[in-house]
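From first to last, the protein sequence lines are chains X and P. The numbering used here numbers the first residue of the first sequence as 1 and each following residue consecutively. The numbering used here numbers the first residue of the second sequence as 400 and each following residue consecutively.
Hints are computed from structural coordinates only; laboratory data are not their basis. Note that the coordinates shown come from a computational prediction; the quantities given were computed from them, not determined experimentally. Careful: at least some of the hints might be erroneous.
For lysine to any residue, the following SDA-like pairs were computed, each having C-alpha atoms within a straight-line distance of at most 20 Å [stated by the list, open to error]:
no. : chain 1 : residue 1 : chain 2 : residue 2
1   : P       : 748       : X       : 121
2   : X       : 119       : P       : 743
3   : P       : 871       : X       : 121
4   : P       : 748       : X       : 36
5   : P       : 759       : X       : 104
6   : P       : 759       : P       : 482
7   : P       : 748       : X       : 134
8   : P       : 759       : X       : 134
9   : P       : 748       : X       : 133
10  : P       : 742       : X       : 58
11  : P       : 782       : X       : 253
12  : P       : 742       : X       : 128
13  : P       : 748       : X       : 122
14  : P       : 782       : X       : 252
15  : P       : 748       : X       : 252
16  : P       : 540       : P       : 466
17  : P       : 742       : X       : 210
18  : P       : 782       : X       : 249
19  : P       : 742       : X       : 59
20  : P       : 748       : X       : 210
21  : P       : 748       : X       : 128
22  : P       : 748       : X       : 249
Below are the chains, spelled out letter by letter.
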Amino acid sequence: MASGIKDKVVILGMGCSKFGERWDASPADLMSEAFEEGLADAGIEKKQIEMAWFGAGIDAYNVGSSALPLSIALRLPNIPATKVENMCATGTEAFRGAVYAVASGACDIALALGVEKLKDVGYGGLPQRTRGVENDMYWPNLSAPGAFAQLASGYRAKYGIDPADLKRAMAHISVKSHANGAKNPKAHLQREISEEQAMNAPYIAEPIGLYDCCGVSDGAACAIVCTPEIARALGKSDLVSVKALQLAASNGEEAGFSQWDGSYIQTTRVAANKAYKEAGISKPREELDMTEVHDCFSITELVTMEDLQLSDAGQAVRDVLNGDFDADGRLPCQIDGGLKCFGHPIGASGMRMIYENYLQFNGRAGARQLDNPRLALNHNLGGFPHQNICSISIIGRYE
Amino acid sequence: MSGITAYGAYIPRSRLQKSAIADANDWFDAGLRSLAKGERSVCNWDEDTITMAVEAGRDCLSGLKGAPVNALYLASTTLPFLDRQNSVVVSEAMNMGSSLRTMDVAASQRAATTALISLLEGGAAAGANALLLASEHRRSKCGSRSEMLWGDGAAAVAVGDENVIADYLGSETYATDFVDHYRGEDSQISYEWEERWIRDEGFLKSVPLAVGRLLEKTGVKAADIAHFVLASDQARTPAAVAKKIGIKADALADNHIADVGVTGVAHPILMLTEVLEKAKPGELILLTGFGQGADAVLLRATDALASVQPASGFSGALARRREDSNYNKFLSANNLVDRDVGKRGELDKQSYLAAMYRRKDLLTGFVGGKCRNCGTVQIPKEKYCINPECGALDTQDDHPLAQARGRVMTWTADRLTFDWNPPAYFGLVEFEGGGRLMMDFTEVEPGSVDTGTEVSLHFRIRQFDNQRGFRKYFWKATPVRN
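Bound conformation, chain X alone:
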């Protein structure tokens, strides 16, 4: 029986670029911005990095294929560099590659870096792109909000929830994240919004309105990881370690067979159970201090609270409206502003979440600093509610 990843790898340093419409920044500029911060934070030299994992989501509009864009941008000294892509879990996947390499003993120090340049496309929202030769022939031409809006229809139907109540809870989620993002100098969107604004914004995909959608931004984030022993040998104390890294991929059953009713995310439930087990967490509501979940749309965050067992089935609307996940609630969610305010540069998002964990654990989160957090859960969801990739990372203080 495998023992899992818990406490085998720690974070030596992290970096995160300013997220936003970085019209004047190339992907290489964003990469170096995150990397220089991470390298300085780790207190090592570039040549001490032995392996690299590179996360980039959309080939056609970003940097192209392979890990060469990373290796060339950072002038890495011909070390093994691997590109990973797993939809919206891409950033976390790059992190997982680096963490596993260190844990295996294949190298001492590894880099994970994710970048996405979304704003070169020329229009709002995620780029329209091909889903492959065969899929393009019969899949609906659904946009991301069009895919996730369906969660609302499934959730409403299952629990008999009044559309206006669900919409109000969705609005609360966005208002909360904007309030958090307003305190984060690296966020793309740094202003508060009102519930009324969120409720009355035009529909993008019924019932998702403009403020139910996360931003669309350019950005990069990176992590340099090693074993606890090496970190200590390099003079680090108050370490932050990886407690769990789990991934669940759909196999088509939700979309084509099972009893799935469109009201929840099957893979999140699977990955959460495995992650809690790997991290040794039995009571997530009590043990976790913060979550960063994949709030591509407010409805995704709402449903995810149940899938992560942080709300009871059918009770997320109540808990959200009760402020349970607000900055001062029982379990703050998106204390950094989330995808809502950071946007979702796909390759970077997963590591941007871990970056916030890392800042919070080190007491470096400024105006949004939580009171002595020790354990955080991060969640990414790539694809569509009916078929997707879910990644969960649990990060905590190394004790």
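Given the coordinates of chain X, assemble chain P onto it according to the supplied hints.
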């Protein structure tokens, strides 16, 4: 004796109010106002001659008893493909197998009547049926008389020698190169000559000539004709022709100019389907087709007529309507304006013919799989059974799902993605008997779809690959309206 054995009809739901055409155009041509009575049928952006033919064909098959179909002819002057057989696309969408004779008949407004004659004269093998589909989606110039008088639609009749509902008594054709209008190989829109000349030298000469020969040959008196079908966008011409021949005025079949519009090649057959709904056993039906001369076909309703009723038929198709007053939308759907479709609409829609052929059972036939091991129905049909309790390899038999009803599980109205008629409606549909698929919806109005809504499946255009002059089809879900 051979004859008609079944019939079916299809009229697009959208009915453009003719007043909208006049409102937009009478500044230029005040005469249009006098034609602006009622409404005309209009293809949705995702409908064309092929998709309408499939609908009419399915309607016809719904009433057809017994015998197999061994031939399918598609008559139209608006075939989407000039070099790719359109009728075989239709037959595959109708899941008719690969051992029938398919053929496209085109290039004249009497294409359908001529094709019907050829089937009646021996097109169907003994004991089998042949299907004639006539379908038309004509484009006309903005603000033209044709725009006001024409409609889109399709109709179907089956021909066979068993369970005949209208006996075939004979036919005649008068062939002459009378060019009342024409459309050359490089044109999208026909060019017409003067209406009065077409009436006097065309209709009033060609039709009586062909009919006269037929009546003489069959020994039938004009006054005995109970139903006279003559398609024309000239409102008073059919009556003038009938009078000239000696056919009773009350035998005239309605051209439905004010509620459908003249549907080109499909129109004689569409009018025939309405006649077949109304005719009584023993009544004589004279079907004519005008274009480069005239066809005349004499039929006699049999006692079996009432026993064959299509699911929709002409009256069902006529009643299934949605009023539309948006003239701009009509122009857009017919490519008569250069609409800014936005950058999302610019994405290349490259067609991959090898992959399309490999997947044509799914794409054209909506054929899924049913596991021999566990009975699970699934679409698409893949290598491993989708039931996790089974998971067997290569155990799926073909399982057509096009006729299945489904229920909406999840849905949305997407205003971000590109669609020719936003918002794009789509969602997860679960089919009765099993299987589910995330698919596009069509013919949805606000409020007509929710979780639990019953849907039926329809063959529609999915995408235009304008860069390469191709169009792709797939099945879409439509709310069932009772």
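*Within a Cα-Cα threshold of 20 Å, do residue 748 of chain P and residue 249 of chain X meet the stated pairing?*
28 Å, violated
*Between residue 782 of chain P and residue 253 of chain X, is the straight-line Cα distance small enough, at 20 Å or below?*
The hint holds at about 14 Å.
*Within a Cα-Cα threshold of 20 Å, do residue 540 of chain P and residue 466 of chain P meet the stated pairing?*
Not satisfied, since the Cα-Cα distance of roughly 44 Å exceeds 20 Å.
*Given the proposed pairing of residue 742 of chain P with residue 58 of chain X, does the C-alpha separation stay at or below 20 Å?*
17 Å, holds
*Does the structure keep residue 748 of chain P and residue 121 of chain X at a Cα separation of 20 Å or less?*
Holds, at about 18 Å.
*Could you grab the alpha-carbon distance between residue 742 of chain P and residue 59 of chain X and see if it respects the 20 Å cut-off?*
Answer holds: residue 742 of chain P to residue 59 of chain X is near 18 Å, not above 20 Å.
_Hint consistency between residue 782 of chain P and residue 252 of chain X [alpha-carbon to alpha-carbon, up to 20 Å]_ = 13 Å, holds
*asked:* For residue 748 of chain P and residue 122 of chain X, compute the direct alpha-carbon distance and say whether it is at most 20 Å.
replied: 19 Å, holds
*For the pair supplied as a hint, residue 871 of chain P and residue 121 of chain X, is the alpha-carbon distance within the 20 Å limit?*
Violated: residue 871 of chain P and residue 121 of chain X sit about 26 Å apart, past 20 Å.
*Is the hinted pair residue 748 of chain P and residue 134 of chain X satisfied, with a Cα-Cα distance of at most 20 Å?*
12 Å, holds
*Assess, step by step, whether the Cα of residue 759 of chain P is no farther than 20 Å from the Cα of residue 134 of chain X, and give holds or violated.*
11 Å, holds
*Has the given pair, residue 119 of chain X with residue 743 of chain P, been kept, meaning a C-alpha gap of at most 20 Å?*
14 Å, holds
Of the numbered hints listed earlier, those contradicted by the structure are 3, 4, 5, 15, 16, 20 and 22.
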